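Visitor: Below are the chains, spelled out letter by letter.
There are 2 protein chains.
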Amino acid sequence: METETEDLSRRSIGARRNPASQEAILDAAEAVLREGGIAGFSIEAVARRARAGKPTIYRWWPNRTALMLDVYTRFKNARAFPDTGTLRGDLVAFLDNQLLGFWKDSLCGTVYRAVIAEAQSDAGAEEALQAYQADRKQRALVLVERAKARGEVSQDVDAALIIDLVVAYAWHQLLVGHVAQSMSKVEAVVDTVLLGTPGYRA
Amino acid sequence: METETEDLSRRSIGARRNPASQEAILDAAEAVLREGGIAGFSIEAVARRARAGKPTIYRWWPNRTALMLDVYTRFKNARAFPDTGTLRGDLVAFLDNQLLGFWKDSLCGTVYRAVIAEAQSDAGAEEALQAYQADRKQRALVLVERAKARGEVSQDVDAALIIDLVVAYAWHQLLVGHVAQSMSKVEAVVDTVLLGTPGYRA
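For the protein sequence lines, the chains are A and B, in the order given.
Counting from 1, position 191 in the first sequence corresponds to residue 191 in UniProt numbering; the numbering is continuous, with no gaps.
Counting from 1, position 51 in the second sequence corresponds to residue 51 in UniProt numbering; the numbering is continuous, with no gaps.
Chain A with its partners taken away, still in its complex shape:
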């Protein structure tokens, strides 16, 4: 067993086709991002770092955006969706911890800005981002669905719209470089989405 492990570690990653080597490439991609930032990030640099061939990487990731997005997703998945017992608590935690707070202090904000930027001019990058977004949003609906089950909101609430409003607010702050400033607005944003504009009467 030990021999086999040693043997594997000496072989190039490209020779193996298993999840472990995908992980090894993601590790390499993360290291390249940490050391050289977005500017130094390329399939070539990751291949060199992982001691893998470029075709091996392209077999799993069609472009550098898709690979960046997977590094990003790995970090993201380390944070579970909140379950505080109330919709307000969940949405505040979602916006504060999963979105703005996730981007504020880490490389993740920079990486996600680059992913979004590349999706604006590259069809493959756009497809990768759309797939990621669709999956994340689908999973985030549980926050609203649980609130429906608790009777906190009407059964016919458009859960996707609620999640969209919160995610959109966060994206906008990220893309105009106002993540840090907007952290103090988290509760006000969630309260507006839940309660509307103070004193509004048609």
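If you're looking for bench data, these hints aren't it; they were derived computationally from the structure.
Keep in mind that this is a model prediction, so the values were computed, not measured.
A virtual CB, placed ideally from N, CA and C, is assigned to each residue, including glycine.
Treat the hints with care, as some may be off.
[Claimed, not checked] Covered stretches of chain A, going by a simulated chain B footprint (3 or more residues, C-beta under 8 angstroms):
hint : stretch
1    : 83–93
2    : 184–194
[Unchecked claim] Footprint (simulated), chain B over chain A, 3 or more residues, beta carbon under 8 angstroms:
hint : stretch
3    : 115–125
4    : 128–137
5    : 157–169
[What the hints assert, rightly or not] What follows is a list of derived Cβ distance ranges for each label pair:
hint : chain 1 : residue 1 : chain 2 : residue 2 : range
6    : A       : 199       : B       : 138       : 16 to 26 angstroms
7    : B       : 23        : A       : 148       : 53 to 63 angstroms
8    : A       : 131       : B       : 23        : 37 to 47 angstroms
9    : A       : 51        : B       : 138       : 45 to 55 angstroms
10   : A       : 127       : B       : 73        : 22 to 32 angstroms
11   : A       : 158       : B       : 27        : 38 to 48 angstroms
For this one, chain A is given, so just place chain B on it according to the hints.
Guide: Chain B alone, transformed into the frame defined by chain A:
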């Protein structure tokens, strides 16, 4: 007079330093965008089209993003902010006509996506976008301020937050390529911002 006009038209744009030549460069920039799209847009191509020197263009626009943003702004300014008499009407018109509808059928959506993308990696582009955003949002506050004056909302409503939520929703749809699909959500978005989530009770 006619002679002077003819004379001016024969001189290169770079020789004049007046608003008219800025307009001529913007006309050229617009023509380049219409004909070659984002991919063919460069200071060089605009200079050639305007029969101006590149330094003339750089005197007014530090980078291609700033120039694209000014072409975009010129279109945008042709649409006045709505004044329907109600906040709901104004926000629906703002989102429908000034944001999503403005981007849907025209080159403007493509140009703005490119501007936002470039602002993610270029400090000069980010600065240009931030200045544009700050100005637009400042001017959009009038929609909420008028509602305050009419007594439609509380005096202490955070007008910037209301505008931010609407603008952010629109940006997100633009950047994930969902502008057309989201047009049908305009009223629901505004109603959520004004009235909150249906049936919500804490």
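Visitor: Against each hint, give a clear statement of whether it holds in the structure.
Guide: Consistency of the hints with the structure:
1. Against chain B, the stretch 83–93 of chain A contributes 3 residues with a C-beta closer than 8 angstroms to a partner C-beta. That satisfies the three-residue criterion, and the hint holds.
2. Against chain B, the stretch 184–194 of chain A contributes 6 residues with a C-beta closer than 8 angstroms to a partner C-beta. That satisfies the three-residue criterion, and the hint holds.
3. With a cut-off of 8 angstroms between beta carbons, the stretch 115–125 of chain A has 6 residues touching chain B; three or more are needed, and the interface restraint holds.
4. Requiring three or more residues with a Cβ within less than 8 angstroms of a Cβ of chain B, the coverage given for the stretch 128–137 of chain A holds, as 3 such residues are present.
5. For the stretch 157–169 of chain A, the assignment as covered by chain B holds, since 9 residues bring a beta-carbon within under 8 angstroms of that chain's beta-carbons and 3 suffice.
6. Between residue 199 of chain A and residue 138 of chain B, the C-beta spacing of about 23 angstroms keeps the proposed range 16 to 26 angstroms intact.
7. The hint said 53 to 63 angstroms for the Cβ distance between residue 23 of chain B and residue 148 of chain A, and at roughly 55 angstroms that hint holds.
8. Under the hint 37 to 47 angstroms, the C-beta atoms of residue 131 of chain A and residue 23 of chain B, about 43 angstroms apart, fit the expected range.
9. One distance hint, 45 to 55 angstroms for the beta-carbon pair residue 51 of chain A and residue 138 of chain B, holds here, with the actual separation near 53 angstroms.
10. Distance hint check: the CB atoms of residue 127 of chain A and residue 73 of chain B are about 31 angstroms apart, consistent with the given range 22 to 32 angstroms.
11. At about 44 angstroms, the CB distance of residue 158 of chain A to residue 27 of chain B agrees with the hint of 38 to 48 angstroms.
Every hint from the earlier list agrees with this structure, and none is contradicted.
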